[in-house]
Structures are given as C-alpha cells and as structure tokens.
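K.L.:
The residues making up each chain are set out below.
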Amino acid sequence: MKKLMKKMAAVVMVLAMAFCMLTACGTETGSNKAAAPQKESGENAGEGNENAKKENDGDSRGGKILLLSNVSSGPLYDFHIAYLDMWMKELGYSYEVIYGDGANDPAGNLTAVKNAMTSDVVGLIAMQDGGIGDIMAEYPELYVVGEASDMVSVYGADGASAACAENERFLGTVAGGYADGNKIGEKMAEQIIEKGYRKVAICMSPAFAYPQYAIADKALRANIEKHNETAAEKIEIIDDEPTVLMFKPLDDTYFNEKQHQDLDCIVGFCSGQTFIYPVLINAIGNGQANENTKILTFGLEKDQGLVDDVGTGIVQGLYVPNFENIFYAVVMLDNAIQGRQFADFEKSEVLDGAYVNITSDEIMTAIEENSPLLNADMSKLALSLEDGRQYFTRYNENASYAQLVELMNSDTFTEKGYEK
Amino acid sequence: MEETVKMTAAVPAREWLKKNVTTVASYGGLIFCVLLFTIVTPIKGESIWSAEKLGTLMSNVIVTALMSVGAVFIYAMGNLDISIGKQISIYATLMVLLGNTTGSLVPGIVLCLLLSLVFAIINGASGPLFNIIPIIPSVVVMQVLSGIITIVYAVLGTRSITLRTIDYSVFKSPLLMLVVLLVEIAVAMFLFNYTRIGKYAKILGANKTAAIQSGVSLLKFRLLCYMIAGICFVVAAIFQMGYTGSASDSTGTGFEMNIMVSLILGGMPISGGMRSRISAAVVGSFTFALLDVGLPLIGLPTRMTFIAKAVIFLIVVLITSRKKGGALPR
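Protein sequences appear in the order of chains W and X.
Quick note on numbering: numbering that gives the first Met the number 0 labels position 245 of the first sequence as 244, and the sequence is numbered without any gaps.
Quick note on numbering: numbering that gives the first Met the number 0 labels position 166 of the second sequence as 165, and the sequence is numbered without any gaps.
Because the hints were derived from the structure by calculation, they are not lab data.
Just to be clear, a hint being listed does not mean it is correct.
[Unchecked claim] Just some of the chain X residues that point at chain W, by a computed CB distance under 10 Å:
| id | residue |
| --- | --- |
| 1 | G44 |
| 2 | W48 |
| 3 | E51 |
| 4 | K52 |
| 5 | S58 |
| 6 | A91 |
| 7 | Y152 |
| 8 | S159 |
| 9 | I160 |
| 10 | T161 |
| 11 | D166 |
| 12 | Q239 |
| 13 | D248 |
| 14 | T250 |
| 15 | L294 |
| 16 | L296 |
[Unchecked claim] Across the chosen pairs, the derived CB separations fall in these ranges:
| id | chain 1 | residue 1 | chain 2 | residue 2 | range |
| --- | --- | --- | --- | --- | --- |
| 17 | W | D250 | X | I147 | 18 to 24 Å |
| 18 | X | V138 | W | Q258 | 54 to 60 Å |
| 19 | W | N291 | X | S103 | 33 to 39 Å |
| 20 | X | I147 | W | K225 | 36 to 42 Å |
| 21 | X | L177 | W | N369 | 46 to 52 Å |
| 22 | X | D166 | W | D410 | 44 to 50 Å |
For every residue, glycine included, the Cβ atom is placed at its ideal position computed from N, Cα and C.
Looking at chain W on its own, in the form it has when it is part of the complex:
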C-alpha cells in the first residue's frame, strides 16, 4: 500500500507539473502573440498605436486574426511572422499562425480553423483555399481574405467554394504570382528568348495540384512556337509533355536520357532550387549533363550557396511572388473589421501577385542587401509601415480600393522596389 501511495503521489506531481507547464505556455508572451486581444487599439501597442489613436478617435476594434499558413518554416514563414508582428501591433490585434492541411484538404483546413477558434477571432488570412466555403459557413461572422493563393475553389469555374465570391465577408485574394497560367507561360517564354536558350526542357509540379502550371506549360510552348515562325535560330523544346515532379526532386535518371544531356535550360514550374538544382549539379559533376545548362524557376531558398548561385551560376532566373503581397490582406481585413470598408470596394476579386524577378547577380545582391525577403528585416520593406498607413481607412478617410489595387499592380513590390 505504501508503494501504491508513492506511485499515486508521483502521478499527482507529474500531472501538476504538466498543468503548470501548459498554463505557462498559454501566457501572452508567445512568439506569435503580437499584442493581447484588445477592445481598444492604442492600448499597450507602442508609438504606432499612438498615431492610430490620433487619427482614429480611439474607437477601433481589436481581436485575434488567424493566419492559415501552408508553410511552417523558411523565408516566407519568417517574413510573415515578422510582418504580422509589426502590423498587428500597430493595428491593435493579436494573431496566431495555424497550419492548414499539407495537401490543402478541405476537412484538414476546416479542422485547423475550428480547433484554433476562440471567441476573440475576427479575421482569417488563408494561404490555401480548401474548405474555405465550409469555414465561412461555419463562422458566418468571420472576415476571410486570401494570401499567396489564387483561391481557385472560389473563383474557378465550378469551384467548391464559389459561393464565397459573392459573400461580402470574403475580401478577395492576391495570388502567389500570376493567377492566370497563360501569363506565367508568356513570362517564361520571354525569358528563354531573351537569354538566347536554344534547347529547353520543362519540369513541373503535378497539374492536379497546380493546374495553372499545366496552362503555363501550354502557353510557353505556344509562345515559343510563335517565336520560331519568324526566328532565324529556332528554339527546341525537348519532350512533348513536361516532366512531372510528384512532390519530390527530379529523378537522377533524368540525365541518363540523351536528349537531356545537352540542354541549354530547364524551365521549372516548381520550386526549382529544391527540386531541380541539386540533381542538375550532381549530373554536371558526373559529366552526365551539359555544364552550361541553366535553370529558370520559381521560389526562394535561404541557403547561402543557392543565393550565391542565382544570376552567376546555374539559376539564371528566379521568380519570387513577393512576400509583401500580404499587405493587401492586412488592409482589407482591417478595413472590414473596423467597419470602414473602402467606399469603392464592391466585390471581391483575385489580384495577380507581384513577382520579384531575380535575373542577375546585381538584382540578387540588391534583394539580399535591401529587401526583407531573406532576413525578415522589417526596416527593409518596399512599403514601410509609415507609407502603408495611407491605404487604411482608419488612418486616411480618402483611401480607396482603386489606390490599393494600383499599389499591388505597381512596381513597388517587384525587384524595382528594392533598388537603392
């Protein structure tokens, strides 16, 4: 019995320890908590909120905003954390990053939102569109805005969440780059022609996951074909169909095939620094691939070796949907939550996300030194907090949706925004 009592005492102590640990974890000092949920902005929110108060009569509404993220690490994630830390503090909200289903499964996304839902949640920034309709049906008072997602289930033909497009609490989205695959294809064709590549192969993420890439592939081929009609030196696209990368790097055997051994360029409709670059480097090292084979692709990796390579080495074109595009989501959500929506905002839409086009060593260096994309340094934003305030109706009664759209379509968020 004595032994049993000892055991029971040990269990009680372990439970007490776990209890203390859990409640301690629950304090508001977590890294994802920019500010405590407040009913009044301007409380404990620093200098920025003092300004907000002055311009805002101090009657703004607080609450928590959820970021339904599709990443949990890397430059984009780090940027979002730093960016939301800054803006949420300024605007008087708290925020929490929640993790959607890795494959954008509607049920997984809905569960993520439901589990994180507390009584103070007022808005959702969604980086993936699975289950958006169900989320909005479940929480009809919630304001939802997309980020780095074309929200194809909302705006696509026969989309599962098409009803959201008409819902006044759905505030639109900025795609992760061009929403229209044709424009992506055109862009790549222009680069191939401009850089003078003659023998090109295409790799892409699966079309069922990234339907815009299948469109981009067709558009690229059509544009090259059109170019060949008048060009003295024709461009050859190897393989009738692109090589599909099923969420894993290019297979090593790719370069065993003769037609892939003397390529000028591989176009990667994917994160090519991860999925193509290592295999190509290996193949060049083994003498299997042409040492002058270059890559044009998307995404941005933080690894210094990869960064140094861009523009000077293998990756000759890197197209990065600017992380600062999230500004649109922040503005739209804040205006809606404060009940001060733009007077000229009539219906939600999908906007193209601005690309940072890194096509030379100079541009890569400028991005490294002058932008927050690799280091999440908020002092290097293309649109600073001070400049950004003018787009919020809480600060500027004359702010308009047209101005915001103009900003999103301008060069502010392209590589030109980081030129010194």
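The hints should help you fit chain X onto chain W, whose structure is shown.
P.N.:
What follows is chain X alone, placed relative to chain W:
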C-alpha cells in the same frame, strides 16, 4: 468500462483501488483533460463546454472514434492494420464520385461496404492462409490504394473533389454524430464482450497457439474481426466525407497513427490480449480530441500543442502501460 468493477461494502476501498489501479489510471488522461480545460478555459474567457466547442469536439472525435472502435477488433488479436487511412480515402473518394454521378450517396456506401469486405479478406485471411505476418497484407493494401488514389486524382486533374448536388449538412450534426457513435459502440461492445468473436479475438491476442489448440478457428475469427472493423471504417468514411462534402488525395493521411495513439491513450495494450476493451477506443479518442480543442482555448499557440500533446501522451502511457516488470503489458 467493460471490466465491470463491483465494489461491495465488504471490499475495502484501498483493495479495490489496488486491484483496479490500471483501469482507473486508463481514464486518467481523459479526466485530467476534462478537469484542466474546465478549470483553466474560463480564466482565459473561453469555455470548453460551450455549444460551439462541444460541436467542434464532436466533429473532431467522430471519425477517430468510429475507426478506433472497429480497430479494437484488430488490435485485440495483436494485429496492426496500417491501410486504414487509405481505405478511408478511397471510400470517401468513391462516395463523392458516385454521389455526383448518381445524385445519391447510397450506391457509394454500398460499394464501399463491398470493398471493405474485399479488404477484410485480403488483410484478415491472407495471414493465416499464406502464413505471413498480418501487417504485411495491410502494407500491400496501403500501397496499392495509395497508387490508385494518386492516379484517380491525377486523372481528375484536381487534388480534391466535392459533392455537387447532395446536401451533406446532416453529417455535420453533432447529435447525429453522437447517436451513430453510441450505436456503433453498443453494437461493438455486444460483439466484443458477449459473442465468441470478441472473446476469441482477445484469446488470439493473448496466446494464439493456445487458442488454436483449443479449437479456435484463426481464419474464421480473424476474418470476422476484420469485417466488423471494415464496416466501422466505412461508417467513419461517411462522416469524414460528410464533414466538408469532399474528399482529397490526402484524406485519411495519418489516420492509422491517430487510431494507434487513441487506443494507447485509452489504455489498450498494443499487443492485444485480454486487457483489450472497446472503451479504450472511446476514452482515447475523446482525450485526443479534447487536447486538440482545449489547448488553443487555454492560450497555447498552435505550434506548441504538438509538444503538449506528446507530453500528455507520454504521461498517460507511463501511467496506463507500465507493469511491474517494466515492460508494456501483454
């Protein structure tokens, strides 16, 4: 609690506790979670007992609980089935596809029930027939289904499909979820505790050789257990699909692990045997779901919930699974 404990006045409380400490401890995780969230959430201005959160809890628990109840029949024999997630995925996909084609969910459900029999035969019968470890056929089934699912969604050109014309809102009703769960538990308890199926399953898990030498048909009862489990998986798939009226290529991913965690949290020995209980599935599933729903309510950031869940899991396993010899119970 199937191992019904009747405490009479003649039996001193301490002896009762000593005798049933493992059983009591198996409920420790759930009781701890209920107490923790009941006490702490009001401090944070929330309530785990609000209608909304109870609904969330129910929708979180339903699929795992329905699957786990079925899986008890498999685990009781000391077997593992790691194809469950992919089975759920294929069932949900078929229900949506046939639902959109025929305008009714019935053909899809019937087809899934038939398919579940096929999987039960493959998973349950191939072991005794070909003298192979029971997990091997389930690995094969998982991989085949994984390939089929990839091909289906590649052909469809999308990662998820949605019911177009069928109103699936009924499957979101917490009341319906509760009723279905209770019915399944009642049927499963009856089969597990009061028929030869459950009793032999436990005996097979405890000592297969002795069971066979006592005249228990390994093939027959293993097949029956897998068939019962298969039916439970189809019921779970209906609710999984009905949650958002959709299915995707990632539906069911990790479900087999959720089942395993739930059963262990509920005090079920992973090696099966006489300590296997249906209640372990229910207790474990609710504990698992309570953590998902409750931890954010006490202010824990989402990324911390994984660690907190792991710690609680560890504590519960230490309490429920430790034996004098230091080994996990058989």
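K.L.:
All hints, please: hold or fail.
P.N.:
Here is how each hint holds up against the structure:
A cut of 10 Å between beta carbons decides the hint on G44/X: the least distance to chain W is about 7 Å, and the hint holds. About 13 Å separates the beta-carbon of W48/X from the nearest beta-carbon of chain W, more than 10 Å, and the hint is not met. For the restraint placing E51/X at the interface with chain W, the shortest Cβ-Cβ distance is roughly 8 Å, inside the 10 Å limit, so the hint holds. Taking 10 Å as the C-beta contact cut-off toward chain W, the hint placing K52/X at the interface holds, the least distance being around 8 Å.
Nearest Cβ of chain W to the Cβ of S58/X: about 7 Å, under the 10 Å cut. The hint holds. Because the beta carbon of A91/X sits about 9 Å from the nearest beta carbon in chain W, less than 10 Å, this interface hint is met. Contact between Y152/X and chain W, as hinted, is supported at the beta carbon level, the nearest pair being about 5 Å apart and thus within 10 Å. Hint status for S159/X relative to chain W: holds, with the closest Cβ pair at about 6 Å, below 10 Å.
A cut of 10 Å between beta carbons decides the hint on I160/X: the least distance to chain W is about 8 Å, and the hint holds. Against a cut-off of 10 Å between C-beta atoms, the interface hint on T161/X holds, since the closest Cβ of chain W lies about 4 Å away. A distance limit of 10 Å between C-beta atoms decides the matter here; for D166/X the minimum to chain W is near 12 Å, and the interface restraint is violated. Taking 10 Å as the C-beta contact cut-off toward chain W, the hint placing Q239/X at the interface holds, the least distance being around 7 Å.
Annotation: interface hint on D248/X holds; nearest CB of chain W at approximately 6 Å, less than 10 Å. Hint status for T250/X relative to chain W: holds, with the closest Cβ pair at about 6 Å, below 10 Å. The beta carbon of L294/X is positioned within 10 Å of a beta carbon in chain W (closest approach about 7 Å), and the interface hint is therefore held. Nearest Cβ of chain W to the Cβ of L296/X: about 6 Å, under the 10 Å cut. The hint holds.
About 22 Å separates the C-beta atoms of D250/W and I147/X, a value consistent with the hinted range of 18 to 24 Å. The supplied range of 54 to 60 Å is broken by V138/X and Q258/W, whose beta-carbon atoms lie about 37 Å from each other. For the pair N291/W and S103/X, the beta carbons lie near 60 Å from each other, so the given range of 33 to 39 Å is not met. Remark: the range hint 36 to 42 Å for I147/X to K225/W is upheld by a beta-carbon distance near 40 Å.
Under the hint 46 to 52 Å, the C-beta atoms of L177/X and N369/W, about 58 Å apart, miss the expected range. At about 48 Å, the beta-carbon gap between D166/X and D410/W stays in the expected band of 44 to 50 Å.
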